[in-house]
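Trainee: Sequence:
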Amino acid sequence: MSEDETVVAGNFVRQIIESDIEAGKHDGKVATRFPPEPNGYLHIGHAKSICLNFGIAMDYQGTCNLRFDDTNPHKENVEYIESIRQDVHWLGYDWGERLYYASNYFERLYEYAVELITAGKAYVCDLTADETREYRGTLTAAGKPSPFRERSVEENLDLLQRMRAGEFEDGARVLRAKIDMSSPNMNMRDPTLYRIRRGVIHHQTGESWCIYPMYDFTHPVSDALERITHSICTLEFADHRPLYDWILDNTSVPCHPQQIEFSRLNLEYTVMSKRKLTALVDEGCVEGWDDPRMPTIAGLRRRGFTPGSIREFCTRIGVSKSENTVQMGMLESCIREDLNVNSQRRMAVLHPLKVVITDYPEGQVEQLEVANHPQDESMGVRSIPFTGELYIDKNDFLETASKKFKRLVTGGEVRLRNAYVIRCNEVIKDAAGEIIELHCSYDPATLGANPEGRKVKGVIHWVSVEYGVEAEVRLYDRLFSQPVPDSAKEDKDYREYLNPDSLRTLTQSIVEPALAEANPGERFQFEREGYFCVDLHQPAGSPMIFNRTVTLRDSWAKIEEKQKA
RNA sequence: UGGGACGUCGCCAAGCGGUAAGGCCCGGGGUUUUGAUCCCCGUAUGCGCAGGUUCGAAUCCUGCCGUCCCAGCCA
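If you're matching positions, the first sequence starts at 665 in this note's numbering and goes up one per residue.
Any given hint might turn out to be false.
Calculated pairs, SDA-like style, for lysine to any residue (alpha carbon to alpha carbon, straight line, at most 25 Å) [what the hints assert, rightly or not]:
no., residue 1, residue 2
1, K940, T989
2, K938, M878
3, K689, R678
4, K1058, R1081
5, K1018, K940
6, K940, F901
7, K808, R678
8, K938, E900
9, K1093, V1129
10, K1228, V1129
11, K785, S747
Just so you know, the hints here were simulated from the structure itself, not pulled from any lab data.
Whole structure, please, built from the sequences with the hints as guidance.
Mentor: Structure (structure tokens):
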């Protein structure tokens, strides 16, 4: 064993896979799959599964299929399919030729259903949905057998064929597995295998089928047909594993994949269920699936997150079987770490306050050459025009303040980032007493040099009035005001916890001229403010829109907080 | 009240009988023309609780307690 062997803390799924490889199971091969139902957009919880499945395939020289679990045409559509393909790719994963649809296997599935009937292990049941529920029993009381449970193989075969032929109405009959009506596991009480759905047009198979296989039947068969070795899913399917195994053990499928369950991701201040996310979109609580406040991949992308930051997040949170709610700070840390290294710096004044430098030569313009990144020279430089009239941020000036306030105060000095030290001599107010501009003087000796005999501790950013560019800036905050909005059970709906201030739009912001050439999706650090990206949806002819991805860490905000308290 | 799973720092999470990794958050200090970054330093005598086995237990055993999931012709 080598001394400097790096032990990557593997999660329990990888441990299982490693011991399987060692034991020579599946010929030492690893084949996983990511199997979303195309009934909504992918969210960060799916990213966890994608990183797990594709990551394992990459690390063990295996493969990972993308498979659409499209057995319920009612809720599915091609828009979702397209978005899922795009999102998986954007995250940085490639399924190569291995794109499948569960609907590819409808004919095979039907043959296996016939096989089960022939073996006396499945039957057509005429009970209504309500009756089925009654017969199923409860968590503590055994169910009782359906009166149709002992139909002959011939009759079952005939009925299934006629179900397929469209002879019966929706809900009239289902195909059920004949397992155990008194099993303590509800999933084993003769689960439904097929139901009738006439008149719906399936996005892949059109009108060729009017019976559709259930998840519990489709999934194990699809996995086996694709020669999946490890079928990784979330914890709520653990109860289905006996059924998964039963299907594989009682049909002539070519192999028996192993189902492994891990806990799904919960993130504070948002919701993760597709049902709830769909509701937010449908009810107009957000702009759409790609609203930058949404925890969807599309939303995070538009918000300014990078694929790498999301992958990093997934490795940081790990994979286990314990219930978890990850704090937003974890996600924010990942994107800050990425953007700190990889994004160019710019200056942008979000809440402009005019500054007139009264002793600056009339009409003079200096082109200042400024580094695009303070720690990375390879990012080059740009030039910024300096003029006698500037904007600074309203938050960077106070008429009087405590010594802790390291910005501009009346009579005080401050460094203009990348430029001169200025002193505020006069505060100009309008009739209402509102500060409208500041008259300052500047120290010509302080460009690229510290002033003699005194120290100026504050540095603030600025933009030239003459050359600045108007922009719209959207400041996002958490979507919900409660850490766990869906903990609200019956009494309160999660929608009541929507944060009314999750979006603040600034329409008066002024950004430095270099930003005028930025392209949609391009990311920057606005110095002293945060990371921003150019919105993906730029309306023609309007000011550019910048989305705030995340603020900078702000220890001043913490000090302020303490002072108030 | 049946079955399945899970309980290690505020939040994630390693640990797999030899004496509690790491990350995020947090606190303190240093550098800095971003109150950013970066760099130091600090943070569980404790692993849901109670017993037991053992020279030795977060790890094994027993019993409690707590949390989550399951009664779709959804996935």
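Trainee: Now tell me, hint by hint, if it's right for this structure.
Mentor: Consistency of the hints with the structure:
Using a Cα cut-off of 25 Å, the hinted pair K940 and T989 holds, with the two alpha carbons roughly 17 Å apart. Distance check on the hinted pair: K938 and M878 sit about 19 Å apart at the alpha-carbon level, within 25 Å; holds. Of the supplied pair hints, the one linking K689 and R678 holds, its CA atoms being roughly 14 Å apart against a limit of 25 Å. Restraint check for K1058 and R1081: satisfied, since their Cα atoms lie roughly 16 Å apart, inside the 25 Å limit.
Straight-line distance between C-alpha atoms of K1018 and K940 comes to about 45 Å, which puts the hinted pair past the 25 Å bound. As the CA atoms of K940 and F901 are separated by approximately 20 Å, the hinted pair is consistent with the 25 Å bound. Distance check on the hinted pair: K808 and R678 sit about 41 Å apart at the alpha-carbon level, beyond 25 Å; violated. At most 25 Å may separate the alpha-carbon atoms for a hinted pair to count; K938 and E900 meet this at roughly 15 Å.
About 19 Å separates the Cα atoms of K1093 and V1129, which keeps this hinted pair within 25 Å; it holds. Taken as a hint, the K1228 and V1129 pair is broken in the structure, with Cα atoms around 34 Å apart against an allowance of 25 Å. The suggested pairing of K785 with S747 is violated, with an alpha-carbon distance near 39 Å, which exceeds 25 Å.
Taken one by one, the earlier hints fail for this structure at numbers 5, 7, 10 and 11, listed in ascending order.
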